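A.B. asks: Chain residues, written in single-letter form:
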Amino acid sequence: MRKDDVIVIGGGLSGLIAAAASAKRGKKVTLLSFGMGTMTIGSGIIDILGYDNNAAIVSNPESGVKMVDEDHPYHKIGLQAVKNSVEFFLNLCREEMYPYIGNLNEMKWIPTAAGTLKPTCLVPKTIDPDQLKVSDQIYIVGFHGLKDYYAELVVKNLKVSLGMDRKYEIVMIDHNFSGGRDVTVLDIARWLDSEDGRAKCIQQLKNKIKPDSVVLMPPILGTTPDYLVLDELAKATGCQLIETMTVPPSLSGLRLRSMLINCLKKLGVRMIEKANVIKSILEEGKCIAVVTDGIDRERTYYAQNFILATGGIYGGGLISSALGEIKEPIFNIPIQVSVAQENWSNLKLFSNKKQPFAKIGVDVDNKMRPLDMQGEVLIENVFVVGRNLQGYDFCFEKSGNGVALASGYQAAMSV
Amino acid sequence: MEKATVIVIGGGATGVGILRDLAMRGVDVLLLEQRDMVHGTSSRYHGLLHSGGRYAVKDAEAGKECIEENKILRKIGKHCVEATEGFFVRLPEDDEAFEGKWVEACQKIGIPALQISPNEAWQLEPNLTHRAKSVYRVPDAAIDGFRMVWQNVASAKRYGGRLRTYTEVISIEQSNNHVVGVITRNFITGEEEFIACDFVVSAAGSWAGEIARLAGIDVHVQPDRGTLIAFNHRISSRIINRLRPAADGDIFVPHGSITILGTTSSEAKQPDDTVPLTAEVEELLKIGEATFENLRDYRMLRAFSGTRPLYSADPTAKGRGASRNFVILDHAKDGLNGFASIVGGKFTTYRLMAEKMTDFICKSLKVTAPCRTAEEPLVEEISPQLLAKARLYFPAYSSDLAASRLGGAALEHVVKRMEENSQKSQLVCECENVTLAEVEEVAHDGTSFNLSDVRRKTRMGMGTCQGAFCTYRSVGAIEATGLTFGKDNIDLFKEFLQARWRGIRPIMWGNVLREIELTRGIYDGTLNINGAIDHEKR
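Just so you know, the protein sequences line up as chains U and H, in that order.
Residue 407 in the numbering used here is what sits at position 407 of the first sequence, and the numbering runs on without skipping anything.
Residue 1087 in the numbering used here is what sits at position 87 of the second sequence, and the numbering runs on without skipping anything.
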């Protein structure tokens, strides 16, 4: 019978980070995952904190982390651990030859496929927005027939976001897809993965754009965690290329996920897919094992420590079967919710208030151990991370992936 | 100066019925609607084309009108009617004595009600509760309120009928005790305009009291609030009614791939008191569970509310106690000639109401042309050639859906768009199979001023994802064609998603909650639509 030091349940960003950080500390780790997590839905960039409780912009991510409420995961994790997690992440990306840029003292405003700007912190080099601030000539590249990307929309709103004093020009690229199927960003990215696709794209770009400009693109610069496509296109055109964030699937998310999986393989983490954890086995206030229901039979996995990274409502880590009722199905961690509709969601979808339901989740101590209703540690060798946690609305405050990174790291430091 | 012989106020079923009828009889008619067509009750109900069974016992006259109009609408509006048939099901807790009365009443007014054994019923409707004691088949049908109204408009237009949406009537002008016109205010621009006319008819439904008040006349319409749930499944293939005196939450109506359960009843504070509440949803689920025990396992799409325009000469009658018959009020009796209101009634009898109202107007205008609305179909037959051509361009099975949604003329334009650019056959809304060409066509048809207007005509955003993907695509598509209805496109995002949010809020649990997390992740987390409030310049 194998017994791990750490079992991580969940293969999203918080789980992958927790597994990597634990393994880096020399722990024997198993990662149980079921599905791909939400990394290919979100955008593969690390938002730390962009807006305060009243939707006012914070001056930089670090000052944002300092001013969060007491029930916010960042408050429990502490600024130093958040800093350490960012350092850990940047080092990891460098080691994997897919470096990210950014730091806690600088807010990066990246362009979106709606032409808006979004505040974030750590981004891959394909989304480096620095030149956007200064360049006078901005090209917006679209692909004929590409679904989920509208260059006209990007231009219209960028004129508001960045100012009318720049020159904006739309450039359309032809690709060789036919057959009537809708073309997605994934199709274009795979086309650019190929040498032939890159050559054809570069040829068209060179005819249509001037060097030393900024070129906004859909998120299509390759499917693998490297900068081959970016570098080749940038070199050939003499321009800075920037990917804009759009609706799923997210290529930058896919790349980050691949990078982390590659890293876990090297670190010797045992990864088991399609492992749907259905329950835990507890003895004297400690968890000794978790049980999965595979296609054939139930399997039991033993470990010293367990990191719960199963996600929130969207990911399936929290389950809501009726209004005001939310359950954590594996450890049955109690979750406090209000049942009145007016305390559950705001009248407006978009406003200057966080959505109450978005803040629902597991309460933890500063080591990420779950707390019961009295505030006592519920299970001493279980650590809860990521979207499972209470106290933050990542959509509103722009802390998506940031809490996942910091809490995943913190849990790994606690095991 | 704009003028029309007759001005119809209200773009619901009754209003468009009158518009069409008058236009077909050669009368110069203009319809004014305060928001988009079907803004009021005609889209905020369960979409049931009554067989009359529901009214048979309490209100034989209403029941008789229903069965007659039911037969007519199947004939003239086959693109809006889904001939599902219906069951009346008596459960053990329902009064057995009522069953006898009901069977007799149906017989009396000519509603074919065929009894089948519960066993046979379970074979036809496997989800139906096995507690059913007796089951009858009746000719109920499902009817699409949005489509029916727009197809009436299209028909009226062919005869010269005109309409204006987003046009509020703020004053009824009179001279020597006779109506001479109305003053309107454009809801979007705020512009005011006088429109001359000889006759004003108010078909304003729940707003009829307010319209009459403009002329200083008292019409007692009590809006009665009703909430319904749309499920993302066809729970049954047939309409399922409870065989008992009409009560809350006991009708299930399948439409396409969804089912609507309704309706609650409570006094409305005002005509647009239409924000659905969780408590009402819970009440509906509790009642609905008696008919389908596994009801809570089905994914809900949204809840929505409307107000029934109940009219009573007796101001104390309320809720289901009030009659569902319609009444024509000739305000000459109140001292103003050339003004009438039509109040009460129900969707199923809209055509009959329009006919009677039009007869009345024509009499006063001395127009003798007869009513033909019961004979002529709402939409002209679409040629097999056009349909065959459409199939070449439309993805999957969406050509037939689009054909019934759009009718022949618009379909032809859509096919032309696809012919010119094959990329226009891309699906913007995968849930409801709506193509880019359709969205463009409808957005440019002159009666669309925001994305919700496009939605009501195409069903874009009405499916499972409730706008999660099609919002970005439709804003982008509309921007790409150079049209944003004079609005900041960020407002288009917000208007559309907020309209969806209204119906999602009261049912936020299970997969609905998951879906909204995805939607927020995209529009708030990734695209920062919320942060774009101030258009922060960097």
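FYI, nobody ran anything at the bench for these hints, they're computed from the structure.
On a predicted model such as this, the values are computed, not experimentally measured, just so you know.
By construction, the Cβ of each residue, glycine as well, lies at the ideal position given by its N, Cα and C atoms.
There may be inaccurate statements among the hints.
Unchecked claim - Covered, in the sense of this in silico footprint (three residues per stretch, anywhere, with C-beta under 8 Å from a C-beta of chain U), are these stretches of chain H:
no. : region
1   : 1423–1433
2   : 1461–1473
3   : 1515–1521
A.B. asks: Report holds or violated for chain U covering the region 1461–1473 of chain H, Cβ cut-off 8 Å, minimum 3 residues.
C.D. replies: Our answer is that it holds, as 3 residues pass the Cβ test (under 8 Å) against chain U, meeting three.
A.B. asks: Do three or more residues from the region 1423–1433 of chain H put their C-beta atoms closer than 8 Å to C-beta atoms of chain U?
C.D. replies: holds (count 4)
A.B. asks: How about the region 1515–1521 of chain H: do at least three of its residues have a C-beta closer than 8 Å to a C-beta of chain U?
C.D. replies: holds (count 4)
Comparing the model with each numbered hint stated earlier shows that all of them hold.
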